[in-house]
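I would like the entire structure built from these sequences, with the hints used as guidance.
Numbered continuously in my numbering, the sequence shown closes out at residue 1309.
Watch out, some of these pointers could steer you wrong.
[What the hints assert, rightly or not] Calculated cross-link-like contacts (lysine to any residue; reagent style SDA-like; alpha-carbon spacing at most 25 angstroms):
1) 938 <-> 1038
2) 938 <-> 1079
3) 1038 <-> 999
4) 1257 <-> 1274
5) 937 <-> 1079
6) 1038 <-> 1057
7) 1242 <-> 1286
8) 940 <-> 1040
9) 1257 <-> 1286
10) 1038 <-> 1009
11) 962 <-> 977
12) 1257 <-> 1277
13) 977 <-> 938
14) 937 <-> 1037
15) 940 <-> 1079
16) 1257 <-> 1188
17) 1242 <-> 1303
18) 1264 <-> 1277
19) 1264 <-> 1303
20) 1264 <-> 1229
21) 938 <-> 1303
22) 1079 <-> 1163
23) 1079 <-> 1162
24) 1264 <-> 1218
Note that these hints are calculated values from the structure, not bench results.
Computed from a prediction, not measured in an experiment: that's the story for all the values here.
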Amino acid sequence: MEQPILNRGRVSDPRPVLPSGFKASAIHAGIRAKKSKLDMGLVVAPEALPAAAIYTTNKLVGAHVTVCRESLAKSGGRVRALLVNSGNANCSTGEAGLEDARHVQRAVAELVGCPPEQVLFMSTGVIGARLPMEKLLAALPNLVGTASERGLGDFATAIMTTDLVPKVRTVAVEDKSGAPFRVTGVAKGSGMIHPNMATMLGYLFTDATLPREPHAFLRQVADRSFHRLTVDGDTSPNDTVLLWSSRTSATPTSEELLARTVTDVAQELCRTIAADGEGATRLLTVQVLGAPDEAAATQVARTIATSPLTKTAVHGRDPNWGRILAAAGRSGIDFDPAKARVWIGDADVYSDGKPHPENEKEAHLHLLNNHEVVLGVDLAAGSAQAEAWTCDFSNDYVRINADYRS
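Pasting the structure below:
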C-alpha cells in the first residue's frame, strides 16, 4: 500500500500506523445496505488535544461542517474523539439534520467521558437523507469499546464511499533537534474532487507538537496539496481536512520539518485519490515550470488538470499537446506561448514556437505503457513551479455517476 517518501531524516512506514496516543475502530452500523461494508469509524485520544480544520467552499454545507465549526470554536481547538460515517452525507436535512449531528456528538461524548464540543462527528455519502439514528446510536458502545492502536486500517475502510481502495500514508521522522515523531494521513475521495476542497475527508494525525497557529499551518499544507487536486471539477458540501496532534509534552518540534513531512503525506494522499478517481485508468501529474510565482504556477497546473479535453486525450492515449497549451493559455496567467515548452513524459512535443511531431510516438508510448503519466509546460515567464494531480476521464466515470443513487 505504501510508497516511499524520500526525504532526509524521514522514512515511509509500510504499515498503516497511528501516531502514539491515538486509537481507532470501525463497525458496520447499518447505514449502508451491504452488511460487509464498514460504515462508521472512530479515532480517540487519551485527552482533548490540539486540532485545526478547514472545510468546503461550497455554499451548500453538510450539517457536520456547521457543528464542527461550532465545536472547535467552543473547545478552543481541542479534540478528544472523531467519529465518521459513510453512506449518508447528512446534508440538506435542515434543522433536524443539525440536531441529529449534535445528538450523536453528545452520545459519543458520554461514552468517551468528555464535553460534547470535544467530539467531531463527520459524514459523507448521499445528499438529502436523514441519518438512521437508531442504528447509528446502537452501534456506538461497541465502536468506542473496541478502539485500539491497531484499528487504523478498518477506520480508513469505513470512511470510503465510491473509493476502490483505502488511502493511508505513514511517515516516521527522526528529528535530531527534538523528539522523533510520526505523521499519518487518512483520506477518502474518488469523485466530486476539485479545489478548493472536494468530496474528500482528510485526516492528518501526528504526535509532534503543532505550531502556535495550527489553522494557518494547515492552510499552508492544503495550498500545496489538497488544493492542487482535481478529478472532475465538482466540489461537495461536506469536504473537511483535520489536523490533530496527540503530543502533550513541551518538547518543541521543528516547524519547518513538520511542515515538510505533513505536506509530503498530504501530497501522497492526493496522488492516491487522483489514482482512484471514478473510472480512472491513469494518474496524471501536471508539472508547471517557469511561472512568475508559485500561485501562478498552481493556477496553470490546476487549469490543465481540470481540462476535460486534456483528460479525455490521456484516456485515448493521444499525445495532444495542443490541449495542454490551450488550457495553460486560458488559465489567466500571462505568458508568451511562442516561448513555452510542452512535454509528455520525457518527450518534448512543443517548443520554440513549433510542434515536434517526430516525438509524438515516444509521448504516445508514455501514455500507453505507464499508469502514472506526466504532462508539463514551461511558461518561460519566471522561476516558480508547482504540480497538480488528476486522472483521465473514461466511460466508467459516466456510468458510476449515472448509477450512483440507483
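Hint-by-hint comparison with the structure:
no., hint, in the structure
1, 938 <-> 1038, "13 angstroms, holds"
2, 938 <-> 1079, "48 angstroms, violated"
3, 1038 <-> 999, "17 angstroms, holds"
4, 1257 <-> 1274, "28 angstroms, violated"
5, 937 <-> 1079, "48 angstroms, violated"
6, 1038 <-> 1057, "19 angstroms, holds"
7, 1242 <-> 1286, "14 angstroms, holds"
8, 940 <-> 1040, "18 angstroms, holds"
9, 1257 <-> 1286, "22 angstroms, holds"
10, 1038 <-> 1009, "16 angstroms, holds"
11, 962 <-> 977, "23 angstroms, holds"
12, 1257 <-> 1277, "20 angstroms, holds"
13, 977 <-> 938, "37 angstroms, violated"
14, 937 <-> 1037, "17 angstroms, holds"
15, 940 <-> 1079, "43 angstroms, violated"
16, 1257 <-> 1188, "24 angstroms, holds"
17, 1242 <-> 1303, "41 angstroms, violated"
18, 1264 <-> 1277, "15 angstroms, holds"
19, 1264 <-> 1303, "32 angstroms, violated"
20, 1264 <-> 1229, "21 angstroms, holds"
21, 938 <-> 1303, "21 angstroms, holds"
22, 1079 <-> 1163, "15 angstroms, holds"
23, 1079 <-> 1162, "16 angstroms, holds"
24, 1264 <-> 1218, "16 angstroms, holds"
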